[in-house]
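Heads up: the sequence lines are chains A and B, in that order. Reminder that position 9 of the first sequence reads as 9 in our numbering, one-by-one numbering, no gaps. Reminder that position 280 of the second sequence reads as 280 in our numbering, one-by-one numbering, no gaps.
Rather than coming from a laboratory, the hints here were simulated on the basis of the structure. It is possible that part of the hints are untrue.
Claimed, not checked - Which stretches of chain B does chain A cover? Using the computed rule of at least three CB atoms under 8 Å from a CB of chain A, they are: (1) 417-426; (2) 429-439; (3) 496-505.
Said to hold, decoys possible - Below 27 Å or equal to it, Euclidean Cα-Cα: the simulated DSS-like pairs (lysine-lysine) are: (4) B:K244 x B:K306; (5) B:K351 x B:K194; (6) B:K626 x B:K614; (7) B:K313 x B:K253; (8) B:K763 x B:K667; (9) B:K302 x B:K368; (10) A:K20 x B:K626; (11) B:K591 x B:K653; (12) B:K547 x B:K653; (13) B:K120 x B:K76; (14) A:K28 x B:K324; (15) B:K452 x A:K20; (16) B:K503 x A:K127; (17) A:K20 x B:K614; (18) B:K76 x B:K194.
Stated by the list, open to error - Here are the in silico distance ranges between beta carbons for each label pair: (19) A:K133 x B:R335: 56 to 66 Å; (20) A:R44 x B:R540: 29 to 39 Å; (21) B:R335 x A:N71: 54 to 64 Å; (22) B:S648 x A:K28: 36 to 46 Å.
Think of the CB as a built atom: it goes at the ideal place given N, C-alpha and C, for glycine as much as any other residue.
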Amino acid sequence: MYDTFDEQYAATIGIDFLSKTMYLEDNKTIRLQLWDTAGQERFRSLIPSYIRDSHVAVICYDITSKKSFDNLTNWINDVKLERGDEVIIVIVGNKSDLGNKRQVTQEECDELVKKVGAKFALETSTKANHNVKLLFKKIASCLPDFNEVEERNEPETIDVNIEQSENTSSCC
Amino acid sequence: MDFIDFDSFQDGNDLPQPQPALSLPLASNIENFGKKFSNLNSLTRSLLRNAGGNSKTDSEDEENYLQSQAFQVAEKYASMSLNMLKDSDEVSSLNVGNGTSVGGTDGSTNVPYTKQSSDKNLSTRLSRVLSNPISDSSIREIFLSLEQKISDTTELVEPGVVGSMTRKALRSEIENDLIKTQSMLIREYQPVYKNLSQLEDKLNKLNRIYEDAKTKIELDCENVAQFNQEATDLTSRKQVISLKKNLLSSFRKNFTLSEYEEHLLTNSEINEDFFLALTKAEQIHENCSILLSSDNPKLGLKIMSKMMSHISKSVDRILLFCNKTFGNLHSLNTRDRLTTLHQCLRYLSQKPTYLNSVIAGFTESRSKTLVDEFLNQINGNLDQRNEFESDNSQVTESRRNRRRSSASRPIVLSAHDPVRFIGDMLACIHSVVVNEIETIQNIFNENDQVFKSMSSKMVVVTLSSLSKPIKSRIEQIISSETKIGTLFSIYNLLDLYTMMLGKQLKSDKETTEESNNADLIATINQLSKTSTKKIFSIVRNRLLTIKHSNQAQLDINSSLQPPEWIIEFYSDIIPLLDNITTPTIMNMEEKENEEFMNLVINEPVEIFDEHLKKSNTSNSKTLFDKRDQLILKANFVDLVLSKVTPISVLTDKVLQLHSILNEITIKLTEIQSQHYFEGCGLTNYVNIVNMICPFTDDFFDSSIYQPIVENKLFVKDELDKTNFEIQSFLPTALLDIQQSLLRLNSPIIVNDVVTNSSLELVKFYLKFGILIDKFLKEKLLSWSDLEVATLLGIDSIYNEEKNKLQFEEDI
Chain A
1 MYDTFDEQYA
11 ATIGIDFLSK
21 TMYLEDNKTI
31 RLQLWDTAGQ
41 ERFRSLIPSY
51 IRDSHVAVIC
61 YDITSKKSFD
71 NLTNWINDVK
81 LERGDEVIIV
91 IVGNKSDLGN
101 KRQVTQEECD
111 ELVKKVGAKF
121 ALETSTKANH
131 NVKLLFKKIA
141 SCLPDFNEVE
151 ERNEPETIDV
161 NIEQSENTSS
171 CC
Chain B
1 MDFIDFDSFQ
11 DGNDLPQPQP
21 ALSLPLASNI
31 ENFGKKFSNL
41 NSLTRSLLRN
51 AGGNSKTDSE
61 DEENYLQSQA
71 FQVAEKYASM
81 SLNMLKDSDE
91 VSSLNVGNGT
101 SVGGTDGSTN
111 VPYTKQSSDK
121 NLSTRLSRVL
131 SNPISDSSIR
141 EIFLSLEQKI
151 SDTTELVEPG
161 VVGSMTRKAL
171 RSEIENDLIK
181 TQSMLIREYQ
191 PVYKNLSQLE
201 DKLNKLNRIY
211 EDAKTKIELD
221 CENVAQFNQE
231 ATDLTSRKQV
241 ISLKKNLLSS
251 FRKNFTLSEY
261 EEHLLTNSEI
271 NEDFFLALTK
281 AEQIHENCSI
291 LLSSDNPKLG
301 LKIMSKMMSH
311 ISKSVDRILL
321 FCNKTFGNLH
331 SLNTRDRLTT
341 LHQCLRYLSQ
351 KPTYLNSVIA
361 GFTESRSKTL
371 VDEFLNQING
381 NLDQRNEFES
391 DNSQVTESRR
401 NRRRSSASRP
411 IVLSAHDPVR
421 FIGDMLACIH
431 SVVVNEIETI
441 QNIFNENDQV
451 FKSMSSKMVV
461 VTLSSLSKPI
471 KSRIEQIISS
481 ETKIGTLFSI
491 YNLLDLYTMM
501 LGKQLKSDKE
511 TTEESNNADL
521 IATINQLSKT
531 STKKIFSIVR
541 NRLLTIKHSN
551 QAQLDINSSL
561 QPPEWIIEFY
571 SDIIPLLDNI
581 TTPTIMNMEE
591 KENEEFMNLV
601 INEPVEIFDE
611 HLKKSNTSNS
621 KTLFDKRDQL
631 ILKANFVDLV
641 LSKVTPISVL
651 TDKVLQLHSI
661 LNEITIKLTE
671 IQSQHYFEGC
681 GLTNYVNIVN
691 MICPFTDDFF
701 DSSIYQPIVE
711 NKLFVKDELD
721 KTNFEIQSFL
731 PTALLDIQQS
741 LLRLNSPIIV
751 NDVVTNSSLE
761 LVKFYLKFGI
771 LIDKFLKEKL
781 LSWSDLEVAT
791 LLGIDSIYNE
801 EKNKLQFEED
811 I
């Protein structure tokens, strides 16, 4: 998010908040509010409360962990349970720099996208700063034009982080 | 020469005699003249040549003319000389005829006077001649030429008439020559004279020009002086005027606003120029203090009131601008308006009252918005939804969908899950806090200390408005909740959000410690304490209910098992205690923590004790003996211990419970030992030994038990009976004891009781046997101590214990 990668992994406690202003090509400016949810079980009960008010759910998996990919369905169900079809689901495969340890193929991911009706899927590497900016740009461009609505609502996204202790990277 | 004062001269006075003539070294006029005119030397030389008779003229005519001229002049001169001589002769003859002598006192003084004057003339002439610095050669020439003229010296020196005539002729001849020479000389000066005359004209002309110029200059000088005077006057006037001008311009600069500036302050847009004009107006207002100190302060007061009016109008405009801008935050999307707002706030920061009113207005409106939004979320924004549904004529379906998606879903007490409800509320608050901080930071995004503290204050005050609705809602849920587990989940949520919101509001909290009471975090923290208190009160009430519950008392029955209520109680409490990760339970203070632990551990034990006591009263159907009571308590404490042992925060309490259990074990052991002694018929002997000196493991000396022989029971017959009792009791003793302790749940306690009581019996049996051997000199007990230990199932333990005994040499 801030073009940096911290080797030291600091576990998210509760829900972390980040904000990022995106300048789109059509001179539009969108401020994204990102709620980073903790992976630990004891904080899992908090996640639905944040999903209910979000417009985009960014659900991440680890391309080197098939288990994390299999868990995606549960997370997507949780999101759909709260928001139905009124939410944009984005699937992100992280750690794309570890291609030699890959356990989830791009095809499998594409198949899941079609199956669950996700907006798009993207493989990123926070460590190598690959596709991270593109991800947020794509998310920003997917958002509906809120200017048409009288009420001004900041677009909000929910980052459902499913990589628990095995996740050694953090995007910040 | 002596001079006679004209005023002091009197006729009678004798005149002083003149000095004789002096030979004066006078230079000849010719020479002097020659010195003055360089070209006269040539003339002198020509004269000398003419005088020498060797003159050689260039032109005969000219010479003749000159000669004729010279003669005429000479004759004239000679005649004049002769007349003079005649006059002098006549005078001298008269003087001689009167016989007056020179220096006579009674006669006339004319004669001597005349003689003296002629002498004087002569001496003058002689001195003039002799003192001429003419060179000797020239003098020689002169005398040679003179000699040529003197043809007959005798005639010359003759005293008579002839001589006189000759001398006169010579004289006239010489004079003639001289005149000729002089005239020639003068003629030479003629061109010089002419030149000089011309020069004189020129000089005169020059003089005239000079005079004219001088006159003009004098006139000019006068004019200049007048002009200078005028110029000086004008300069001084100019200085005065310029001074006045400077004063006026300075006054204008320091005490007046231009029309444009007035326009800026009253009608123009608020911009950079507006603030410059306002600053100037304020400066003028400040400068007026100088005018007030003057003799006539009216002007100062007038200007002050005018400036004050401008300033107050401007401040009103600034306030209006700020309030309007804060009223419509979308207007801050333009950079210019934001910059102007910053300028306005920076200006208002000098006037805290106005600034506070603006901030208060903003925070109030934001607070109202936030509270309304929050209440909409809580109560459900049904009105808005209805509006959306009905407003279908103008919006397209897709837009309506978008509206629906953007409109937040209401927070409902879904499935009567208070934890989820509070979680949703806190998540909503978290989102509001983040949004509000971002909004205010976007408005005050400058690195200005004034803005930083201002924005922090605004965030805290704005968010504080949410404290009340949150507090009321959550307190309502907490107060209506009775489940400890749910309350603990609520506490955990509140505690987590205290931390998460603290992260967001960290800086604000640091800067505004004074607003802690109204702080959102403080409210949530307070709510978490409320939940803690609620848990406390529920636990206390529950225990109180149990304490006075008959059912709970009835739970104590002959099965000697712990009552149901303690199992239920701990099934609720233990998950709470198990999830504690903090040093104290739910971050309570030390005292509260201790109180809660007492409530959770000690209080149930005390209640159970009370129930046990009550159950043993006369009214109760079931009466428990001491052993059963101890077993009941042991079972109860053991249950509590088994529940709390894994919980780290209860380590102290675990030790306490262990201690209670130990006490119970000791008591049970005592009871069991008594049972053994009674069964073996050794009770009386135990008492006798104890009366002398109780047996201990540390020390045993059989001689100190000598008095036992005096006892009537310590005889062979009685001891045989006892031996028989022992032999009949011990083979079944172990089964009996195990049977009696069968309802004691803890096998460790059972084992301890059995082992310890058996050991006590065996040890007594051993020592008592020694005493019998020593004092009755007979072996009356059939079984050895090891056999007894084997019968009681503690042979191996006894062997270990026996080795430790101090009296092994006596055995």
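To see whether the hints hold, each was checked on the structure:
no.	hint	in the structure
1	417-426	holds (count 5)
2	429-439	holds (count 5)
3	496-505	holds (count 5)
4	B:K244 x B:K306	24 Å, holds
5	B:K351 x B:K194	105 Å, violated
6	B:K626 x B:K614	14 Å, holds
7	B:K313 x B:K253	21 Å, holds
8	B:K763 x B:K667	19 Å, holds
9	B:K302 x B:K368	44 Å, violated
10	A:K20 x B:K626	74 Å, violated
11	B:K591 x B:K653	15 Å, holds
12	B:K547 x B:K653	21 Å, holds
13	B:K120 x B:K76	25 Å, holds
14	A:K28 x B:K324	26 Å, holds
15	B:K452 x A:K20	21 Å, holds
16	B:K503 x A:K127	26 Å, holds
17	A:K20 x B:K614	70 Å, violated
18	B:K76 x B:K194	26 Å, holds
19	A:K133 x B:R335: 56 to 66 Å	25 Å, violated
20	A:R44 x B:R540: 29 to 39 Å	32 Å, holds
21	B:R335 x A:N71: 54 to 64 Å	46 Å, violated
22	B:S648 x A:K28: 36 to 46 Å	55 Å, violated
Violated hints for the displayed structure, listed by number in ascending order: 5, 9, 10, 17, 19, 21 and 22.
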